[in-house]
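**Student:** If you read the sequences in order, they're chains A and B.
Just so we're aligned, residue 34 is where the first sequence starts under our numbering, counting upward by one.
Just so we're aligned, residue 5 is where the second sequence starts under our numbering, counting upward by one.
Since the hints were derived computationally from the structure, they do not count as laboratory data.
Some clues are possibly wrong.
[Unchecked claim] Keeping only pairs whose Cα atoms sit at most 30 Å apart, straight-line, the calculated DSBU-like set for lysine-lysine is: (1) 72/B to 139/B; (2) 72/B to 227/A; (3) 287/A to 36/B; (4) 36/B to 185/A; (5) 36/B to 280/A.
[To be verified] To give a feel for the contact side, a few chain B residues facing chain A, derived at Cβ under 8 Å: (6) 5; (7) 9; (8) 27; (9) 30; (10) 33; (11) 34; (12) 35; (13) 36; (14) 37; (15) 39; (16) 40; (17) 54; (18) 57; (19) 60; (20) 61.
Note that the structure is a prediction, hence the values are computed from the model and not measured.
A virtual CB, placed ideally from N, CA and C, is assigned to each residue, including glycine.
These are the residues of each chain, in order.
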Amino acid sequence: MKIKGGPDGGRLAAKKDNLRLRARIIQSIRNFFAFRDYLEIDTPNRIPAPAPEAHIDAFPSGEWFLHTSPELCMKRLLSSGYPRIFQICKCYRGAERGERHLPEFTLLEWYRADADYYGLMEECEDLLLHLARVLSGGASLLFRGERISLEKPWARMTIRDVFTRYSPVPLEDALVSGNFDEIMAFEIEPRLPKEKPTFLYDYPVSLGALARAGRSDHTVAERFELYLGGVELVNAFSELTDPDEQKRRFELEKKCRLLRGGVIYPDPVKFLECLPQMPESAGAALGLDRLVMIFCDAGRIDDVVAFTPEEL
Amino acid sequence: MYTASDLRKGLRIKIEGDPYVITEFNFVKPGKGQSLYRCKLRNMITGAQFERTFREVDTFEPADLQQKAMQYLYREEDQYVFMDNETYEQVYLTQEQVGDARNFLIDNLEVEVLLFEDRPIGVTLPNSVDLTVVKAEPWAKGDSVSGNYKPVVLETGYRILVPPFVEEGEKIRVDTRTGAYLTRVK
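Isolated chain B (complex conformation) (with noise of 0.2 Å):
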C-alpha cells in the first residue's frame, strides 16, 4: 500500500480497478496548511489523462504490473498474437492496445508484454527494428543532396522517410519510439 508522501512521477498506482501512472506530480503545502499532491494520472488501458489532488490520508494500491518475454507470432483479424517465451501459451492484444507498435512488429519479433493482474494490455518493442524496404522509387542520381529524403513503404505497411540511396528490397534499422529512419543494414 502506498502513503500520498510515496506518490511521484512515474508511479503506477490502482485507481476503481484500473492501472494508472503518474504523468505529472506537483507538491504543495500552502501556509501552515495541509499537504497537497497535485497529479496528472494516465490511466494504462484507455489512455485517458486526468488530474487529482489528493491528500495526506489517501492511500493507494500498488497496481500489479509485470513484463514478460515474448514474440509476436501473426496477425488475426484485429487481434496480434503473442507467444510467451516461457509457457508457449499465447496472448491477444487489440489494435488499440498494440497502437503505434504495430508500424514495426514483424513475425517472431522479440517484445515485451505488459501485463495487468495478468491480462495483457500493452507491448514495448525493442528500441530498434530491421524492416524490408517493400517499395522505393529507384535512386535518381543528381538527387544526393544531403538533408533530401524520400518516402519508402516497409513490410509492415508504414510509411517512412529515408535518404534517396535506400532501395527497394533492402533492410533498414528504425527507431521504434521516434519511427526515424536510423541506418541501413547490410
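Isolated chain A, as found in the complex (with noise of 0.2 Å):
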C-alpha cells in the first residue's frame, strides 16, 4: 500500500501494528466485561465538580473542569441500582506527561457491587489471562525482554511487606518525612518481581481518599496496584460508602492541595448525597494505554497512541 507522505505518513504507517493490536484490545475488553454481565456506560466528560484528590490536577473547561477520572459518575450510577459496570473513557490530568503519562490518556473503569478488592484482584487476573489467550495466543507475555507469567497465582505483598524488603527506610518514617512516593519509585518499583504480576495492596489510608479503611486495621486502606513487568497497570479498592467520612477525607485532600498551590474544586455534593445508597462495592482504574505498551512491548506510551500532545 502506498504510504501518504505530509508531516504524519512515515510517523503514523510505522504505529499502524501499535494501533491495530490496540483495537483488538478494546473490542476483547469489552467482551470479557459483556459475558461478565457489565453494562458499559457513557458519562460526561465535563463536570463541574472533581474529586479534590492531593495530586490530581484537572484542567478548566469553561466554568467547569474536564474529568480526571469517571469515578464520580460511575459512582453515582451504581448507588442507583447499577450493579456491574464499566466504561473505557479519555480523561485529562493537568502537567503529567513522561515515558507512561500523557496528558489525556485512556482509562478502563469498573464497579461491582457485592464485592472488595480481593474481588478485583481476581478479576484483574482473570481479565489480563483473556487478553493473553485471546490476543497473544497463550498465558504469558514478552516485554522489554522478560516474560511475564500471567499463571495464577500472581504475586501479592502488603505496602509494608515491600517496605521492610526494600526500603532504607521504615514505612511510617518515609509518610511522615513526605518521601513516600520518591521510596515506591525509585527504590520499590525498580525490585519488584518482573517474571510475574504483582499486587501492592494495603496502602496508608492517608492514601487512598475514595477507599474504604481496613476491617481489622484502620490504618490501611483497602486499596491495590497491580504492577505487570514493571508498569503500574491498575489502580483498585473497596469503596468508601460512608459520607461522613468521604468528607473528612476529601477536607484532608484539600488541604494537601492548599499546601501545594493547587486549585481547590466547589465540593462533589450531589456525589455526597448518593454515598448513603451505594452498595459495598469495589472499583478499579486500569490504564489502557499503559496495557497496550504492554501488549505491543512498546518503551513508551507515544508508540501506542496516534498522535502525542506535541504531534497535534
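Join these two chains into a complex; the hints should help.
**Tutor:** The structure is reproduced here in C-alpha cells:
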C-alpha cells in the first residue's frame, strides 16, 4: 500500500501494528465484561466538580472541568441500581507527561457491587489472562526482554511488606518525611518481581482518599495497585460508602491541594448525597494505554497512541 | 523562572551559581502520589554530572548563556585567546575549557564562544575545519587497499587516520564533532 506523505506519513505508518493491536485489545475487553454481565456506560467528560485529590489536577473547561477519571459519575450509577458497570474513556490530568504519562489518556474503569478489593484482584487476573489467550495465544507476555507469566497465583505483597523488604527507611518515616512517593518510584518499583504480575495492597489510609479503611486495621486502606513488568497498571479499592468519612477525607485532600497551591474545586455535592445509597462495592481503574504498551512491547506511551500532544 | 513542569532534556538552568544542562529527564508519578522529575544534570563549567529528583514545588532560574561569534587568535601558554567579532575585545579560555576543540583550533578560525553571565566558559567550532598535514609517510603504491588507513600529524599536532593517498603538505577536512577525516581539500 502506498504511504501518504505529509508531516505524519512515516510516523503514523510505523504505528499501524500497535494501533491495530490496540483496537483488538479494546474489543476483547468489551467482550470480557459483556460476558460477565457488566453494562458499558458512558458518562460526561465535562463535570462541575472533580474529586479533590491531593496530586491530581483537572483542566478547566469553561466554568467546569474535564474529568480526571469517571469515578464520581460511575458511583452515582452504582448507587442507583447499576451493580456492574464499566467504561472506556478519555481522562485528562494537568502537568502529567512522561514515558508512561499523557495529559489526555485512556482509562478502563469498572465497578462491582457486593465485591471488595480481593474480588477485583481476581478479576484483574481473569481479564489479563483472557486478553493474553485471545491476543497472544498463551498465558504469558514478552515485555522489554522479560517473559511475564500470567498463570495464577500472582504475587501479592502489602505496602508494609515491600517497605520492610526493599526500602532503606521504614514506612512510618517515609510518610512523615513526605518521601513515600520517591521510595515507591526509585527503591521499590524497580525491585518488584518482573516475571510475575504483582499486587501491592493495603496502602496507608492517607493514600486512599476514596477507599474504605481496613476492617481489622484502620490504618490501611483496602486499596491495591497492580504492577505488570514494572509498569503500574491498575489502581483499585473497596469503596468508601460512609458520607461523613468521605467528607473528612476530602477535607484532608483539599488541605494538601491548598498547601501545594492547587486549584480548589467545588465540593462534589451530588456524589456525596448518593453515598448512603451506594452498596458495598469495589472499583478499579486500568491505564489502557499502558496495557497496550505491554502487549505491544512498547517502551513509551507515545508508541501506542496515534497522536501525542506534541504531534498536534 | 522555570517550574518543575518546564524541565526537559537539554534545558539549561542555574543551580548554586553554576550553569547546568539536563542530559536525561524522566517524569514519574507513582499511584496517586506527587509528580517527580528525575534528572541527570551536567555542570557546564566543570563537566561534573549528578542525578537529582525534583518536585513540582521546585523552581529554577534559567542559566544566562549566550553564544558569541569570535575569532581564534593565538595560544598564550595555557590560555587560548579569542577576539569578539563585534567589540574586538579579547577573551581567554583555559585549556580545560577549550577541551578537545584544541585539536582543531587554527589561527583566525571563526568560532562561537559560550558565555555564562558574560564570562567565557567554552567554545563551539564549525562542524568541519580544513587543516594542513605536516607529517605523513609517503604513499607506498600497492598499499591502496580500501579500508587501509595511515596515521598523519596535522598542523595543530592532532594525530588522525587518513586514506593512504593523503600526502604531507596537503589540506584535509576534519569533522570536529567526531575528530574523523572527511575529505581531501584541493
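**Student:** For each hint, tell me whether it holds in the structure or not.
**Tutor:** Here's how the hints hold up against the structure:
1. 72/B to 139/B: Distance ~34 Å between residue 72/B and residue 139/B Cα, so the pair is violated.
2. 72/B to 227/A: Not OK: residue 72/B and residue 227/A at ~51 Å, beyond 30 Å, violated.
3. 287/A to 36/B: holds (14 Å)
4. 36/B to 185/A: Between residue 36/B and residue 185/A the Cα gap is close to 27 Å, so the pair holds against 30 Å.
5. 36/B to 280/A: holds (18 Å)
6. 5: violated (14 Å)
7. 9: holds (5 Å)
8. 27: violated (16 Å)
9. 30: holds (6 Å)
10. 33: At about 6 Å, which falls below the 8 Å cut-off, the nearest Cβ of chain A leaves the hint on residue 33/B intact, so it holds.
11. 34: Holds, about 4 Å.
12. 35: holds (6 Å)
13. 36: With a closest approach of 6 Å, the residue 36/B hint holds.
14. 37: Since the shortest Cβ distance to chain A is 4 Å, the answer is holds.
15. 39: Result: holds, 6 Å to nearest chain A Cβ.
16. 40: Where the cut-off is 8 Å and the nearest Cβ of chain A is about 6 Å from residue 40/B, the hint holds.
17. 54: Since the shortest Cβ distance to chain A is 15 Å, the answer is violated.
18. 57: holds (6 Å)
19. 60: With a minimum Cβ separation of about 7 Å from chain A (threshold 8 Å), the hint on residue 60/B holds.
20. 61: Interface hint status for residue 61/B: holds (6 Å vs cutoff 8 Å).
When held up to the earlier numbered hints, the structure conflicts with 1, 2, 6, 8 and 17 and fits the remainder.
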